[in-house]
Amino acid sequence: MEKMILKTNKRLECINITSRVVQLCQGKIEDGIILLYIPHTTAGIFINENTDPDVVTDFENTLSQIVKSDISYLHSEGNSDAHIKSSIIGSSVSIIVENGRIQLGRWQGIFFAEFDGPRTREVWCKFIPSI
Amino acid sequence: MEKMILKTNKRLECINITSRVVQLCQGKIEDGIILLYIPHTTAGIFINENTDPDVVTDFENTLSQIVKSDISYLHSEGNSDAHIKSSIIGSSVSIIVENGRIQLGRWQGIFFAEFDGPRTREVWCKFIPSI
Amino acid sequence: MEKMILKTNKRLECINITSRVVQLCQGKIEDGIILLYIPHTTAGIFINENTDPDVVTDFENTLSQIVKSDISYLHSEGNSDAHIKSSIIGSSVSIIVENGRIQLGRWQGIFFAEFDGPRTREVWCKFIPSI
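Chains as they are written, first to last, in the numbering used here: chain A, 1 to 131; chain B, 1001 to 1131; chain C, 2001 to 2131.
It cannot be assumed that every hint is accurate.
As the list claims (entries may be wrong) - Facing chain C, from chain A, some residues (calculated, C-beta under 10 Å): (1) 1; (2) 25; (3) 32; (4) 35; (5) 37; (6) 50; (7) 52; (8) 71; (9) 74; (10) 75; (11) 83; (12) 84; (13) 90; (14) 94; (15) 129.
Unchecked claim - Reference listing, derived: stretches of chain C covered by chain B, where coverage requires no fewer than 3 residues with Cβ under 8 Å from a Cβ of chain B: (16) 2010-2021; (17) 2038-2046.
To be verified - With a Cα cut of at most 30 Å, we get these calculated DSS-like pairs of lysine-lysine: (18) A:28 to A:3; (19) C:2068 to A:68; (20) A:28 to C:2028; (21) A:68 to B:1068; (22) B:1003 to A:28; (23) B:1010 to A:10; (24) C:2010 to A:68; (25) C:2003 to B:1028; (26) B:1028 to A:28.
No lab work stands behind these hints, which were simulated from the structure alone.
On a predicted model such as this, the values are computed, not experimentally measured, just so you know.
Cβ coordinates follow ideal geometry from the N, Cα and C atoms, glycine included.
So that you can see chain A by itself, here it is in the shape it has in the complex (with noise of 0.2 Å):
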């Protein structure tokens, strides 16, 4: 696998590594696809646009409303909302992959997000051969 490293500066952070993702995949494989995954529980990645950063925050905003952080948890470390937040976006995305070049559609890109940051990270990336 190939491992991807980002440094987050905020608690609740999501970073666009879109252009990094298609970088990575230059001269990898033909056709197949590629398996982005998190090795970390309080962090996820997802797909959204790319174009407006105003999306991003109203993710990241309604997110917080929908698992708060300032209420009564048993996990005594005090980031069970980002362990739980992580569970619920997800560990890792799919991507096709065709003529050597990762498959978006057009308004899409990809987002790693870190739910109890500042942290230093890595995104490990997997190609699957279709062939």
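Following the hints, put chains B and C in place on chain A, whose structure we already have.
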């Protein structure tokens, strides 16, 4: 990849695409997985009960309660709720293929979900053989 | 595919299946991915912290607050909340396999979640080699 075209008629609409996916799989691969990928940022895909349509209506109503459309968002296009629903539900599902057929549980169906329609949309279908 | 059998004892119950998946992977493939797929419509699968069981209890409690079981739904079987939880958490996870072993992050475990038990359930496990 294969592309499936769908038309939605309402703002929020889930379409049962199970039989179309089953048909699409015929004669493709004997053994492996199929990745069903949604290239849109206000849509998603999920697996749920294939029998009672009320299950999907309950899903639509509850998701609209969890992520409300009529509150204030930063993104000015009026569809932030649809982008957020898309990130929560997810952009793809992976299903096992054996003996040339997709392997679903007894009660399972595959549902495309548009959260900001009506739209004409695509589902991208990629086969990855296991051998 | 390989099938893992699980028994749940409560209505909502998460079971840590990490060690069983690790065992199942032995001698299967050297390099690729494993797809863990849930063939049930009131269950799901997710990756989260493998150490403090309170994290999973917090997850169960919060998810039950987000998707309530005691409100009015159209579906008459009384388990609409379980179907909705299943769609939000997701029916499968994909994990990287290298050197014949699944590659999890340091703190990660794999959890099966039943939202309408007690039930006897299956997890379907499919290996896709990368070469």
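Do the hints match the structure? See the list:
With a least beta-carbon distance of about 6 Å to chain C, the hint placing residue 1 of chain A at the interface is held under the 10 Å criterion. Annotation: residue 25 of chain A was flagged as interfacial toward chain C, and the flag is violated, the nearest CB pair being 15 Å apart, outside 10 Å. Annotation: interface hint on residue 32 of chain A holds; nearest CB of chain C at approximately 9 Å, less than 10 Å. A hinted interface residue such as residue 35 of chain A counts as satisfied when its beta carbon comes closer than 10 Å to some beta carbon of chain C; here the least separation is about 5 Å, so the hint holds.
For residue 37 of chain A, the suggested interface contact is upheld, since its CB lies about 6 Å from the closest CB of chain C, less than 10 Å. Violation of the interface hint for residue 50 of chain A is found here, the shortest Cβ-Cβ separation to chain C being roughly 23 Å, above the 10 Å cut-off. Among the interface hints, the one on residue 52 of chain A is violated; its C-beta lies about 25 Å from the nearest C-beta in chain C, farther than the 10 Å criterion. Taking 10 Å as the C-beta cut-off, the interface hint given for residue 71 of chain A holds, the closest approach to chain C being about 9 Å.
The beta carbon of residue 74 of chain A comes within 4 Å of a beta carbon in chain C, closer than 10 Å, and the hint placing it at the interface holds. This hint holds: residue 75 of chain A has a C-beta 4 Å from the nearest C-beta of chain C, less than the 10 Å allowed. Taking 10 Å as the C-beta contact cut-off toward chain C, the hint placing residue 83 of chain A at the interface holds, the least distance being around 5 Å. Given the 10 Å rule on beta carbons, the hint for residue 84 of chain A holds: about 5 Å separates it from the nearest Cβ of chain C.
Satisfaction of the interface hint for residue 90 of chain A is found here, the shortest Cβ-Cβ separation to chain C being roughly 6 Å, below the 10 Å cut-off. Proximity of residue 94 of chain A to chain C holds as hinted, the smallest CB-CB distance being about 6 Å (cut-off 10 Å). Taking 10 Å as the C-beta contact cut-off toward chain C, the hint placing residue 129 of chain A at the interface holds, the least distance being around 7 Å. With a threshold of 8 Å between beta carbons, the proposed coverage of the segment 2010-2021 of chain C by chain B is violated, since 0 of its residues qualify and at least three are required.
Only residues whose C-beta sits within less than 8 Å of a C-beta in chain B count toward coverage, and the segment 2038-2046 of chain C has 4 of them, enough to reach three; the restraint holds. Taking the CA atoms of residue 28 of chain A and residue 3 of chain A, the gap is near 14 Å; set against the 30 Å cutoff, the hint holds. Proposed proximity of residue 2068 of chain C and residue 68 of chain A is supported: the alpha carbons are some 16 Å apart, at most 30 Å. A hinted pair counts as satisfied when its Cα atoms are at most 30 Å apart, and residue 28 of chain A with residue 2028 of chain C qualifies at roughly 24 Å.
Restraint check for residue 68 of chain A and residue 1068 of chain B: the C-alpha separation of about 16 Å stays at or below 30 Å, so the hint holds. For a cut-off of 30 Å, the pair hint linking residue 1003 of chain B to residue 28 of chain A stands: about 24 Å separates their Cα positions. Pair hint residue 1010 of chain B plus residue 10 of chain A does not hold up; C-alpha atoms about 38 Å apart against a cutoff of 30 Å. For the hint pairing residue 2010 of chain C with residue 68 of chain A, the CA-to-CA distance comes to about 26 Å; that is within 30 Å, so the pair holds.
Taken as a hint, the residue 2003 of chain C and residue 1028 of chain B pair is honoured in the structure, with Cα atoms around 24 Å apart against an allowance of 30 Å. At roughly 24 Å between alpha-carbon atoms, residue 1028 of chain B and residue 28 of chain A fall within 30 Å of each other, so this suggested pair holds.
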